[in-house]
Structures are given as C-alpha cells and as structure tokens.
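As given, the protein sequences belong to chains S and R, one line each in that order.
With the first letter of the first sequence counted as 1, position 17 gets the number 17 in our numbering; the numbers rise by one all the way through.
To get our numbering, take the position in the second sequence, counting from 1, and add 357.
In short, the hints are calculated from the structure, not lab data.
Note that beta-carbon positions come from the ideal geometry of N, C-alpha and C, so glycine has one too.
Everything hinted at is true.
Per label pair, the in silico range of CB-to-CB distance:
1) S/F199 x R/F644: 37 to 43 Å
2) R/Y484 x S/M267: 17 to 23 Å
3) S/H314 x R/Y577: 32 to 38 Å
4) S/T226 x R/R454: 27 to 33 Å
5) R/L512 x S/I200: 57 to 63 Å
6) R/N636 x S/T226: 46 to 52 Å
7) S/A225 x R/Y577: 47 to 53 Å
8) S/L19 x R/G481: 47 to 53 Å
9) S/M267 x R/F652: 31 to 37 Å
10) S/H314 x R/R653: 53 to 59 Å
11) S/M267 x R/T497: 41 to 47 Å
12) S/G257 x R/G494: 51 to 57 Å
Rough simulated footprint, nothing fancy, chain S against chain R, three-plus residues with beta-carbon under 8 Å:
13) 454 to 460
14) 582 to 591
15) 636 to 647
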Amino acid sequence: MSSALSLNKTRSRWLTFGLLALGLALLPFLVDAGLGRSWVRLLDLALLYVMLALGLNIVVGYAGLLDLGYVAFYALGAYVYAWLSSPHFGLHLPFWAVLPLGAALAALFGVLLGAPTLRLRGDYLAIVTLGFGEIIRIFLNNLNAPVNITNGPQGINLIDPVRLGSFDLSQSHALFGYIFTGIHLTYYLFLLFTLMVIFISMRLEDSRIGRAWVAIREDEIAAAATGINTRNLKLLAFAMGATFGGLAGGLFASFQGFISPESFNLMESIMILCMIVLGGMGHIPGVIFGAVVLTLLPEALRYTGDWQRNLFGHVYIDPADLRMLLFGVALVAVMLYRPAGLLPSTRRRREFADAQG
Amino acid sequence: MDIFLQQLINGLVLGSVYALVALGYTMVYGILELINFAHGEITMMGAMVALSVIGALALAAPGQPGVLVLAAGLVVAIPVCVALGLLIERVAYRPLRHAPRLAPLITAIGVSIILQNVAMLIWGKQYIPFPAILPQGRHTLYGASITDVQIAILLLATGIMLLLILMVQKTRLGRAMRATAQSRQVASLMGVDVNRVIAATFAIGSALAAVAGVMVSAYYGLAHYYMGFLLGLKAFSAAVLGGIGNLGGAMLGGLLLGLIESFGAGYIGDLTGGFLGSNYQDVFAFFVLIAVLVFRPSGLLGARVVERA
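Put together the whole structure using the sequences plus the hints.
Written out as structure tokens, the structure is:
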C-alpha cells in the first residue's frame, strides 16, 4: 500500500519534471511566436540574472552577508573573457577554457576582499564591498594608459561568441528541420548553466556547509560555539558567490560581444540585490522569481511612457529613470512589510517573525 | 615646497568637509550601530536645495552680497535636510530597530536610491554650476594659493565642530546622547527619552550634512544628483579611520583622509613613474578603509570593535 503510494508519488514527480523540462525547452519558441524576438533576448538576460541572483543569494541569503559590490565579480568574469577571447590582445581561447578562468579570478578576488573584512561586523563588509565595486569600475575606466589593458570607457569590442568546434552559437543553424537563431541557442546554453547553478545551490542548501551558513546567519556566536569555523565558512560563501558572478560575467561578455565599465555600475549590484530581497532571501524559487520579474520589469515599464504620452501628451518621467526609483521603494517596502520576501522560505519567515516579536 | 604646501591646504579644506559628513555617520553609528547609507544622499540634497535657492535669489534680486545669498541658501537647505533625516529615521529605521541586522541596512540602501532618483527627477542628470556669487579672492602664501572660499570652509567647519563638541560634552541633550550610545536600555531606565535622542542625532547629523553639501558644491563649483554616493563612501571611510562612534575620531579621520587624498593625487604620478595618474584620487579612501580594517579595526581613536551577531 505504502509502496504503491510512493511509486505514485515518484511517478507524478517525474511527470511534473518532464512537463517543466518540456516547457522550458519550448519556451523560447512560444515567446518568439507570441511576443516577438526581442522578448527571447530578454529571456536570455533573465536567465543570466537568475544565475547572478542565485550567486548573490549564497552570500546574502544563506550566509547573511550583505555584499554591495557583487557586480565587480561579474565585471571581472566579463573582462577575463574579453581579454582572452577577442581581438583586443589577439587571443582567441575557447570558451570552456576562459569561463572557468574568469570564475576562478573572481573567486580569488572574493577571498582577497573577504579575508580582511569578514573578521569584522557585517556592516563593514557592506561598505567595503560597495567601495570595491566602485574601485574596480574606476580601474576599468582608467587602465587604458599608459598600457592599454581595459581600453578605458570605450570598452572592448568584437568579443568572440561561444563556439563549439566550428559550431558558432551566435549564428542561425538549421537543426532537425527547424531554424535555431543565435538567441535561441544562447537560451539553451544559458539554461544549461542556470540549471547547473540551481542544482549546486540546492545541494549546498541541504549540505553541512549550507546548514552552517544558516546557523551563522541566525546567530553567529551560537554557530561558533557549536564548532563551526565561521570565518572560513563566510569566506567560502563569499568565494562561491563570486564564482557564480564571474561565470555569469563571462557568459554576458560572449552574449553581448561588447563590454564597457558602464555595464558594471553600482545600480547593477543594487538591482541584483533587489531581485533576491523581493523574491525571498535564501529561497531558490523566490530568488528565481525575483530575478525574472525584475528583468522583465523595464520592458513592462516602457508602457508607462505610452500612458504618460496618452494622458498628458508628454513623457514627464523617463521609464528608465522610474525603474531605479521603484527598486528603491521596493527595497524599503519589502523590508518593512514582508521582510522575508514575496515568496519566502518558511525558515526565513520564522526568523523575521521571531525578531519582530 | 610650494607644491607640498598647496596640497596641504587642499587636503585640509577637503578634509574638513569630509569630517563634517563623517560626524553624521559616526553619531548615528555610535547610538544605533547602524550605517546610515542615506547620509551621503542627504548631503547631496543639501547642496541641491541650497543651489536652487541661490539660483532663484540671484535671478529675483540680483546684486545682493554673495555671503547673504549663500546664507539664505543654507537657511532653507538645513531645515529641508533635517526634515529628511527625521523622516528617514521614522519610516525606514525605527520600525526595524529589533529586526535582523540585514534589514535596516537594506532599507538604508533603498532610501539612498530613492533620494538619488528623486533628486534626478527634480534637478535632472546634468551638473549644476554653483553661481558665481562668492568673493573670488585668492591669497598667496609661500608660493601656494588659498582662496576666500577655502578659508571660509576651514573656519566654518572648525567652528561647527567646536560647537558640536561643546554641545555633546556640556548640554543635557549631549549627556543624553552619550548615555544612549553606552546603553539604550539603561539610558531609558534613567529617564532618557531614547527615541527623541535618536531623532535629535539624526537631525544634527543631517544639518551638518547640509552645510557640508553646500561647502562641497562651493569648493568644486558644481553639484550633481550622484555626488552624495562617493562623498558618503569617503566620509564613512574617514569615520572608520578615526574610530567609528568617536566624534574626535571622525574629525581626525576626515582631515587625515583629505590629506591622504590630496597628497596621494599630487604624488602618485611621480611614485609610480607615471603609470597611475591623479584620476585615481577616488581610490585612496577605499584603500585607507581596507588598511584600517586589516591593521586596526577599531580606528585611530576608537574603542575595540567587538564582533557581534
């Protein structure tokens, strides 16, 4: 009886899983047919942000460390990809060699930055990472003279797309009788990496390490008293988050074909933070939800421009400017009224409820 | 020698402005153990409001003495900033006083983003020039030059800081502030209205920020909706350098940071053989911050910072 029930359960689980996989596989085509090609591109970006948000979620959501310079790791990954795979230095290494290098460099910087600050209270980390993000941007902007390393504010152009042998992912290909354009193929590539990041996040959450992170987040002194090496585990969280940031950076560089310091400003860090705060810190479905919603938001906000024009005959507030304002309001409102996020994990909700009571 | 003296003057002037902003961070931190991220944006708001008033006055009643116009700008900017500071404390920080540490940090960032974008919507994205109303006098001192504006900034900042020290050491409110910083619970048991003291701290810090904002825009001759971010970051570094929570430390840290920046920007080209130029001026504050955190986390004058969850 009970075995039959569990068999039934397994079967329904496989069914959901299969349907989900089918849905994800068909999604770009449905979106393409329904909303147009620009939305497929947006879908690619959404996946990129899901990766970034899940990376930051390890640092902020699991370990409870506020990292405001996350975009610096994203930038490092992107620039490593650009240096090793573009005409800038005349290097054209394959992506499978460059991506890990970028992720590793980002992790190294994460450790270098975390080592001095993680011994101290969390707020120092916030401000140091904030400064770090800005410093990286200043260096990227200015390291074009006397030796041209970053090409300054102009950025690096003509970055190689992801290529597998002679299969160029940015070109259209006819496969199984269907035409797959570059952005469709990129979707599948990003989906693969995103699933990998989700898988790692899920396994981490249930592991000794993940539970140790939660313990540190909830009460650092108690965690240390139970024998958790808080400093090393915080460093690990920091390095882990940086790794995912570096990976996403490399993918971004290959996808965009062009990067400049302007893509990696503080607002980008804030936006990623906003995604996980809005969705639910430390809760994977929440984070994914937050990342997708906030990536699509600017597109939706574009309509407010039309409304303004229809109502007043003039656009008073540029929808792009409205976006950051809304992010700020969202950060404050969520913290005040739903501190655990829109899709919170039960554990997190309890934590905030305890603190309020 | 004259270059050295020039950098010294520039550093001291810039440093005294940093010190004023750093005081706001350090007072709030001393009492609430909260980094008020929005403080830099309050400084920016002070500069913007004052510039608007000055600009409007210069149009409506031209030919008035510059100092008077500037004073009018300050008279409007200070209450606006104080009101903003109080509002932020009431809405974004007070409800979260017992929440996990992460929560008020995140609302603080949210508030600073809101202020930045509101300023951008009101005043636009362009740089706003400081009207040429102030005396343009320039004095030469052993080969280095110092302007009237610089002298005024130095004197005013010093005066304000002396007043603040006097206030904290001698008045009833000052004593209440010191008591609250030591222990909120015990202070409230002794009859101190903690909420009022915290509000007063925000008000004073915001007033200082307004003055500092006007000084910065007078010094550089412009204001910008984004100016608060870097200024706030530097002032916070200054507060940490001096020992966060310590008033004297914030002043010392501010002056030192101004000097480090000024000398750094002046000599970095020679030191690195021209590899790095003065465009790296903004990097110094950050390296100072890291160095302090590594070697002396309590800052120059601060008590030991204890790790608390």
